[in-house]
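S.K.: Assemble the complex: chain A is given as a structure, and chain B must be docked to it using the hints.
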Amino acid sequence: MEVKKRTSIMSMKYEEFKNNDYLEEMVRQLNMDGAGIILGTLDELINWGRSNSLWSLTFGTSCCAIEFMALGAARYDMARFGFEVTRNSPRQADMIMVLGTITYRMAPVLKRLYDQMAEPKYVVAVGGCTISGGPFIKSYHVVNGIDKIIPVDVYIPGCPPRPEAFYYGMMQLQRKVKVQKFLGGINRKERKPEETEYVENTSAENKSENGRHE
Amino acid sequence: MNRITEKILTIVPEAVVGTNGEEIVAIPKESFRKVAEALRYDTEEPMDFLRDIVGMDWGEEGLGTLYYLECTSTYNRITLKTVDHDRENAFLPSVCNLWKTAEIKEREVYDFFGIKFLNNPDMRRIFLREDWKGYPLRKDYDMNSNPLNMENEINADDTDEYFLNPDGKIEGRKNIVFGKEDFVVNIGPQHPSTHGVLRMRTSVEGEDIRRIDPILGYIHRGIEKLSESLTYPQTLAMTDRLDYLSAHQNRHALCMCIEKAAGIEISERAQYIRTIMDELQRIDSHLLFYSCLAMDMGALTPFFYGFREREMILDIMEETTGGRLIQNYNMIGGVQADIHPTFVQKTKEFIIHLRKVIKDYHDIFTGSVIARNRLIGVGVLSREDAISLGTTGGTGRASGWSNDVRKHHPYAMYGKVDFKEITYTEGDSFARYMVRMDEIMESCRIIEQLIDNIPEGEYRVKTKPVIKLPEGIFTSSVETSRGEFDVMIESRGDKSPYRLHYRSTGLPLVHAMDTICRGGKIADLIAIGGTLDFVIPDIDR
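These protein sequence lines are chains A and B, in that order.
Each residue of the first sequence is one higher than the one before, starting from 67 at the first, in our numbering.
Each residue of the second sequence is one higher than the one before, starting from 176 at the first, in our numbering.
With the rest of the complex left out, here is chain B:
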């Protein structure tokens, strides 16, 4: 038992430490706030990064949530659990004044499970229509209860908040998002530069942004609910379609989680292949980021540059995996097929080529006066805000928050290769851009260290035809192209998961738009959104 668990037990002696799968500390909901505050403001090891809030439906036991916490200095992790036994009127205390990211994560839990969070100022639905009936991720949800509604949706301008009266009664009040005096511009969902179907209701005063209210769910496909009726090998198919620019990494995370739970050891060859593929995917994604950012800002030539090199990566991947964008390559126990005979040769040639042309990239865009003026000093996100908002990946690293999962919680071959974690301290759009450009070169370095040493062996170990996981809760995390991606599986010993949750890398990024853009110019909105580099299908899941 580690120090943090001991500390929790001294505060709340009735807390239960569960060791089914991973260590989870169950805390009664009455004392949950006390524990959360104590952990957040701990003097030695403050748990200042809330990785995720996962809503759960435990049937008879009630509705509850899991809180995944991490300390940004020691990188220790802990998972808390709290339950409300009343399924009809589930209330839990909000933690949104301790971690800002909880504002939007609690909305997600409310949307899917109907758990209301006391003192969260914004208890609206987030992914589903405001007139949606029922809570789809509950086990007793009737899948046919909401037929297709072709009426245009009207969004409310106020939100609900629930709070506890001094005499112990729960009451509600309305908070105003946009008042009568606000001039609201609607951006999206059909907008070419929001990287998908993001919709932002933006209130402006002249050219200055006063508030951004992101409206999500235009590509919410209910992947988490769908996965509950699929077997484990089948669930893999969904991961590639979450963040399609991190297809390999997403699938890697889920495979790792299942392998860890089922106790499958994969061969070193598969580890090497997975790591190389992950890094190729990262380069691919960052090249697309470069192309799209330039295109969003009105420069078309870099788009052609970026796609020229991207096609080379797609060729390399296609030869081995058979797919261009969605590869479905990682499997439980290894990878689907052995690498193509020319894979090593082509990858090496590509890296040599990329090192040569990357100068052109910088000449044409990074050095351009227009790009520099539009990026430097614009959209600054401080380190504290980045941590509180949970903006992992390049966005967090541009603000000086060292959060690379590959470095701090190494998986696959990352523990054995030498690479630098790129961090900047400015936190502006330009730093966010440079982090990604530098990461391309770091990824090249990682591949170079591995590509010649791929050991012989089998690429896939034999697994049982029907994979069943032992009971318990299992997690794994990887660094995708745009941040920390976590998989959480709760297993009841069946061949399909009881609950499968993915941490969206983009949700905190979209949430951060409001903090970053407030007070900025509306003309910078698209450039800031471009440097944050979110992918909407990953947010909506």
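Bound conformation, chain A alone:
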């Protein structure tokens, strides 16, 4: 039993995604530990459910939040994909969508909200400001990328991103959720140092092989 190599979601074909390599790499690493038949099957079922009902914390600080509202309205209708439920409390949310610039005053608040969320939790950085500081990168009061504060799962670039870009990013997150180990994956023991070395070596080899093929 192993994690499925090709993660499929309903909304879009596998081949149409432009960046499958990072997901394949993730699957490969997960498969190195192997997965039990029972836990693995349960994982698939749970992940299928989780990926299709991602509840996001509404965390709109500026412009991107308006585009997110447009996403919720009838035309773009994000209910089709299962992430229309937005929560106003971090305790009830699966993921935080950071929509807009994060300033120095807001940074501790964002960190606190993130800490208040229950595991497993995901972060989507939307817009140029959250990714790097965007047009305000030289400012004295803007955090240059929220990955300096909290770990980010998916980046959605744009200023603000188009609704289609939102979808692409959200689907990437869905695919990421699908390959994760829900049971047994979270509290697993840390690898011994020599094992990690081995992983790094093999991944490097793999990369060079891929390079040759191309």
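Derived from the structure by calculation, the hints contain no laboratory data.
Be careful, since some hints might not be right.
Unchecked claim - Once the Cα atoms are required to be at most 30 angstroms apart in a straight line, the calculated DSSO-like pairs of lysine-lysine come out as:
1) B/K670 to A/K204
2) B/K308 to A/K177
3) A/K214 to B/K314
4) B/K256 to B/K344
5) B/K314 to A/K204
As the list claims (entries may be wrong) - Simulated restraints on C-beta separations:
6) B/P296 to A/L249: 58 to 64 angstroms
7) A/W121 to B/D383: 30 to 36 angstroms
8) A/R157 to B/G590: 51 to 57 angstroms
9) B/A698 to A/L249: 40 to 46 angstroms
Every residue, glycine too, gets a C-beta built ideally from N, C-alpha and C.
M.R.: Quick look at chain B alone, frame taken from chain A:
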């Protein structure tokens, strides 16, 4: 020289009238209070509307402020200037008992420049953390002096006040914002119905609101400081991100200001396009206002209605400008691209469609018993308070204050079109709501008058590759979707501004929350905030 300037000169003969750029009357700080009082309580032409206070760092000359005043009956304007030469301990007299809006504007100046205002009861920082070091808009500020601080911020419950002793010494005392007996509810910054990252510390007694203390700066990006290191065409990019629901109008204001200063005449075609785009943007913003207000009050269907029509506007704009929300369309000398071939046709169709469906809007929400009970008679703002607080735009007009910049200081094509300024007299939440709903129809009328007559010509005149403005101070003002938006540029003849300031349309609105909500029910707070229609990134800049 006009009558007001003459009057100032009779009171203070040593006042200097500067004509570098725009007319500015420089008054020594000792006699500034006297002049301010005389202008405020002038019998013929009281200057009762303080448009803005702009802090300035004039280097060697010292720190100072510009005061933009307007009379609400004759619409005459005047700009005053006063300077303190002592950079370390700059003190200026406060005018907050003449114009209430000065309370919060002086806090802004203190926060950015460190000028302390004597007798202002609330001299706290406003946008920056209370433990922030230094004053960022000063020219000698070290940009790396405040690294990211991830500690939670603790807000003080008291404020500082500085006053002059009878024997001429400056002393400080503490004023209490929230005492031990106050029950303080913290609303925001992460709250779905505060339209962004506004935080209000609200003290309540049972269900009644006793005081609201807005805490801002959660989206303060330092746009004014950033602009000082950008060239003029580059500064344009920031305006769309101020109030993103007035993106066109904000950019229009800055373009107008630069064009005026550089003496660039733009073609009539560009004027037409700009005006139509401004009005489309206004409809867009008001539709979003309608959607959000309904959603804040718990009605979800109007949200879908509003966004349905809003998407149509976005389609029209996208075809021409390439952007949905942030368009970056206006340029110095005109607009970025010519209108799309189907623009005229689609706009006309949209207006016909909107006129048809607007009845549904009123049926589902305006006529609803719940909405009426929650809006009518709630959150009343009197005309005097509106003027004193400087709540321009729909909020002021709902209180009977005719303040439409399009009408009283026409720009672009507004002088030539026939439209009505919507005013109500009730000043309650419902009037504020109705002003916006009626303005949608007025905007349709304006577009209809222009859309068929867009003249031929070039959409953008050629400008020099490097734009430099002559020395001086230049301003321009436009009516955005939520009030008067002013741009102030001080130029030293360079290719980038020495100081660029934007008048926030939302700052007076947030400041007015305390006046409006006091004594009201906490359950009405969100609805009142919704009808005031502020956008937080525009306040924090």
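S.K.: List, from low to high, the hint numbers that the structure doesn't satisfy.
M.R.: none
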